Structure formats: structure tokens, C-alpha cells
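Just so you know, the protein sequences line up as chains A and B, in that order. Its first residue numbered 1, the first sequence is counted upward by one per residue in the numbering used here. Its first residue numbered 1, the second sequence is counted upward by one per residue in the numbering used here.
Any given hint could be a false lead.
The list makes no distinction among identical chains, and a pair is therefore deemed to hold if it is satisfied within one copy or across any two copies.
As the list claims (entries may be wrong) - No farther apart than 20 angstroms at their CA atoms in a straight line, the calculated lysine to aspartate or glutamate pairs in the EDC-like style are these:
1) K352 / D210
2) K352 / E85
3) K352 / E209
4) K352 / E76
5) K352 / E27
Everything labelled a hint here was simulated from the structure, so no lab data went into it. These figures come from a predicted structure and were not determined experimentally.
There are 2 protein chains.
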Amino acid sequence: MEIGKELSEVLWKIGPLDMAASQKVRERLDMLTKPQGSLGRLEELAIQLAGITGGSFLPGSKKKVVVMAADHGVTEEGVSAYPREVTAQMVANFVNGGAAINVLSRLCGAEVRIVDIGVAGELEMVEITRAKVRTGTGNFARVKAMSRQEAEKAILLGLSIAGDEIQMGARVLATGEMGIGNTTASSAVMAALTGYPAASVVGRGTGLEDRELAHKVAIVEKALAFHRPDPTDPLDVLSKVGGLEIAGLTGLILGAAAGRCPVIIDGFISSVSALVAVKMNPRVLNYLIPSHLSQEPGHALLLEYMELKPYLHLNMRLGEGTGAVLAMQLVEASARILAEMATFSEAGVSGKEEDTVNENIPGPARSDKLQ
Amino acid sequence: MEIGKELSEVLWKIGPLDMAASQKVRERLDMLTKPQGSLGRLEELAIQLAGITGGSFLPGSKKKVVVMAADHGVTEEGVSAYPREVTAQMVANFVNGGAAINVLSRLCGAEVRIVDIGVAGELEMVEITRAKVRTGTGNFARVKAMSRQEAEKAILLGLSIAGDEIQMGARVLATGEMGIGNTTASSAVMAALTGYPAASVVGRGTGLEDRELAHKVAIVEKALAFHRPDPTDPLDVLSKVGGLEIAGLTGLILGAAAGRCPVIIDGFISSVSALVAVKMNPRVLNYLIPSHLSQEPGHALLLEYMELKPYLHLNMRLGEGTGAVLAMQLVEASARILAEMATFSEAGVSGKEEDTVNENIPGPARSDKLQ
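Please model the complete structure; the sequences and the hints are all you need to start from.
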């Protein structure tokens, strides 16, 4: 895998979790007034957050969802239920605060940052980050989606946005995206990197009918056969069949991991970005927080592949980051549990009965001895 | 099933959902800037809330979790990892704000109401609702847990608490409980009402070892064989092998349904209370909002039995209402989506391409005709 110096340095920078900080939190959790482990994955999350941040994660941490938008040449093949113009129109909707991601971010106490990393039209709004690598990808049914340099540039942009956000105080990042056609690109990237057949990872996206779905599968199969992306070279895969927002989010995720910042992964496309990042450095996995299980069929397979278990089962398929911001409440919950719950001794609550309970039980081990 | 006049009247009062209000919300959801149905179960929740409330559910609705506490005579049999005194000690912890339910209720904007419906000791705190039906149940391994009259009284108390809360402005209720030994009672009630074998519904509760688990199964099997509760008579089941908080929550749930108020169901014990309510009137099902999937094995079976799908997969097993209050955010999210998202026309976003997409697709239906 041939990559530039800047990206290479970031990949080297991603460290292991701080096991001592995790252990300290594990011990604290066992002192709190609840049966040990009874808060389940909220406890595991608290332990993970401690490992990521070296024990410095606190309630009320600043939360930011970064929504990257780009267009896809492959929409020429009729792979989406919506026209390409919707990408730019939805970016305007994000800026005006009328989209689902705006509504749920307000609810969950998250700020939204919109990044144009490759929308086809010219977007003039001052509220968005203008970081266009190119005006949409090429139609990968015929040509490469982008050059290797462009894929790397998109990743580096994501990296620098993560760095900026962490520097400006964000302590939880989340991923979101907008790009008509990007479930097609994501399916192709996933199939290339995991070896899963296209038919198992391609879904209906924004709402294809049966016949359209079969067509979408055929487009992905044809593209993979045509480009033969190298599964051991994520940049090759991204440039041949990827998308600019997919690459950008890969960079955001790498940047979060390098900056020891937890990053919440939204749906299918975001998870494909995470997969690319994990393929570049498996340590990234420790910094990921899955959120919801999308209705897109590839998503369940992909989460299984990465051994990530979604927290929320909502049958959503939007991609804007809506599932990721809903999961922010779970991150906040785990931090508050640790900060605010009373211990057994503070509350004067008795602990588990290790011996007394057993006395009453004529269990096999005991009765064997007695008989 | 022989029941008193007051309870009987409430059961008659529970009406069907308002389908016209649901339909109106369904149409509104389809106008919002997202692919149709892409917010999945958040949309279904908005439709359900409209049906329950006749379309009057709004963001920022007052939310209350009612935590009912009681003791269980069956703890004499060594079925719990914690001593019976913990019930009263945890009630004190709830009052002092140090328990998980307090922490998560603060996060989720819910108020907590603690009800002593049958704790063994005398609780003097003014902050709790003192509604003791009796000082803990009898040990149902030997005697009935309570009389039929006591079971009905506990249900009526729950009913009146739901009525009070709705009158005082609550628009979402949630269930929680505290009672050392109550997974044993709940397993027995579930087995009696569903016919599932005890071994499939009994779990480790607060943390039993293998041998203790086998003992707990045996206790439940023995009690069911001894009492032979009538599966068609929920009050008979409750009085023979139930618990006071289980009956109280059944009343709370019935009262919510009768008052057209959505009620969020926490974990295993709360779900058993919901089962009892549903057995009394199947219409109750429409008013229930499941929350999380507990680690207690009976919970998954019970939710399947009632055809309820949990939203949160957190492996929790606490029962205080912690999963239910976390799900309040999803209720709030669905209300905000409806109230705050822009429509396609407001935002100037193009709709789904019904025809143009198909033109590009050489699908079988079309090519058949052309050839």
C-alpha cells in the first residue's frame, strides 16, 4: 500500500487503548449501587471511553457530527430513486436546519458541521466547509471514480477536520453523509474489501424497486470485474469504486483515533468509511462506537465483519448521521453513570450475598458431599 | 375471570387507537425531506403516538417514570444474590438521587416517582408514595403470595397513580421496579400465563451462579405445580405466584391505556406486568412502547410473545426503569421530527424519480416488451 507521508504519520500515531484508565473505571463501576455489570453495554462504553481518552472523558463533553456531502457519477446508471440534484438541495436544507439531522442534533446536544467535499454544483453558503476535491466522482461503471491522489486528498481533508474539531473542543465526533448514489459506491467498496458478493451487500438505498435493485447489483458486479480493485490497498479501492464523502469520513475517523477522540459511526456508508480506516490500521476499531442497525442489508454484514454491535434497532436508512447523534445520549449516559451514581458504601446498601445465599440451596455439589 | 367493578370499568374504557389521527401523521411524514419511511421505527412511533393521543402528542411532553418497590417472601428460598434488605436500602438510594434511574432520568428529562407498594420494612421518607398493600408477599414456595383481594388492590393503586399522573400533566409514563426476588415471581407469572416451561424463562437475576440458577428453576416449577394458577385468570396467577410491584405496574399500565397515555415498558419484570395487563385486555398492546432488551432470558421470549420489538440493545438487567427512560429520547425524537422537519416543498428538494430512473434501466419487464 503506497501512501503519502502525512497520512502515513497519522496511521503510525494511532495508539492502543489506555488499559490502566479502563481498569480504574471498571473498578469504580463495580462499587456503584447496582448488581455488577447490570448496566451492560453502558458500562462497557464507559470502560471504552476511559481507554480512548486516558480516563479524561466527562459528562457534558462537546459533541459534533460532521456531515460530508458529495456527488456520484454512477447515478448516470440509474442506481438511485432520487435525482442527483437532491445532494445539493439537501445540503441547503441542512444549512437551513430543516433536515432530520438538524432536528435530532438539537435534541441530542450536538453541533452539526456540513462539509462539501465533492458536490456537483457550486454551493455558496458560508455556513458550510468548502473542501471540494472535485465536482462529484466519475461514473465508475465506465471510469475510475477518482484518482488515487484525489482519494488521498479527501482522506487528508477529513483528517484535518477531525484535528480542527478536537482542537476546538469536541470530545465526541460522529459521522454523517449526503450523496445521491452513495449506497452503490459503498456496496462496491465493501464487496472489494471484504470479498462478500455484491448481491449480499447491495440494498434498496433510498427506495429502489425489485427490478432496479437487480440492476444496481449488476452495476456493482460489472464495476468490480472491470476495475479489479486491490483488496489489500484501501486507496486503490476508494479511487476505483469509492466516493469523496466516503474517503473524507475515512479521514475523519482516522483523525479521531489519532486524536484519542471517540467517533460514533452512523449507518451503512459511514460504516464502510470505518471499514476503510480499519483496513489502514486495525487499531482504529478501538475508537469506534457503533450506533444503529440500518435497514440496508450490507450494514448488518459489515458490522458483524468488524465485530461491532449496534445499540439502536430503529430500521432507519438515512445516513445523515441521525443514528449516530441518537447514540450520543448513550455516550452521555455512560459518563453520567460514572460521575453521578452513589457507591454501595455511600448509600448504605448491602452487597451481594456470597455465602448466605448458598446455605439455603440443596444444590448437587453440596448434597453430593452430604450423602 | 371474576373482578371488581372499578377494575372492570377501566378495562371497558380502554379504546382502540385513533386511526384517523395516525393516518394524518403518516401523510405528514411522507412530505418531510427524507426518503419515505427512512426514519424507520421513529416514524412508526410518531404514528403510534398520534393513534394513542388522537394526534395531540407534542415535543416536550411531561415524562414520568413510576418505580414501584415491594418485597418477596420467596427470597427465603435463596433465589437472589442480594439480601432482602436491599429493597428498602435501594428505595432510600432512589430518594437520595444516587441510583442509576435517578441519573438517567435527569439526563432524559423525566421525573421519578417512587411507590412503596409492599416493602417489608417501614419506610418513613416523605418523598415516596406510601401505598403498602402488605409488608411483602408470602413465600409462594409454601403459601399464596397474596390474596386475590390484595392483588386487585395493588392493581387499583397502580391505576389511580396513573390517573393522578395524567391529571397532573404527564403525557408519557414509564415503568420501573425494585424488589429483591422479583425475577423469580415474574418468571412464575410468565410461565403460568404463557405456558413456557420455567427453565426457559428463569434467569440469573442480579447475578446467580449455575447451581443457584437450577435451584431457582426448581422453586418456580414446584410453586406452579403446587398452586396450579389458572392461565385464563390473571388475578389468580398474580395472587398465587406474583408480586405487589408486578400487580401495581399492571395497574399503572392499564391506567395509562385507559387515559390514552403512552407507557414505556422497561425490562423483564415490567414486561411481565404488561403481559398481565394485555391478558386482561388485549387492546393494551397498542399503548405499550417497548424500550430495551434485557439480558434476562425470559425477556426476549416475552417480547416475542407480545410481538414487541425492543429499540435498545444494551444487555442491561436492572429493572429500575433505566431502559425505559433511555427510550424516552426516542419518543421525544419522533415528536420533534414531526414538529420541526421541513417538507420537500418548503425546502425546495426534489422528490423521488418515479419514471426517469426506470428509463435508464434495461430491466426484464421493459426489455421483454422491446424485444
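Now for the hints, and whether the structure bears them out:
1. With identical chains, the CA atoms of K352 and D210 are at most 20 angstroms apart between copies only, with a shortest distance of 16 angstroms across copies and 56 angstroms within one.
2. For the identical chains of this complex, K352 and E85 are inter-copy neighbours only, at 11 angstroms across copies versus 61 angstroms inside a copy, given an alpha-carbon limit of 20 angstroms.
3. Proximity of K352 and E209 under a CA criterion of 20 angstroms is satisfied inter-copy only: 12 angstroms between copies versus 56 angstroms inside one chain copy.
4. For the homomeric pair K352 and E76, the shortest alpha-carbon distance between copies (15 angstroms) is at most 20 angstroms, but the shortest distance inside one copy (64 angstroms) is not.
5. For the identical chains of this complex, K352 and E27 are intra-copy neighbours only, at 16 angstroms inside a copy versus 53 angstroms across copies, given an alpha-carbon limit of 20 angstroms.
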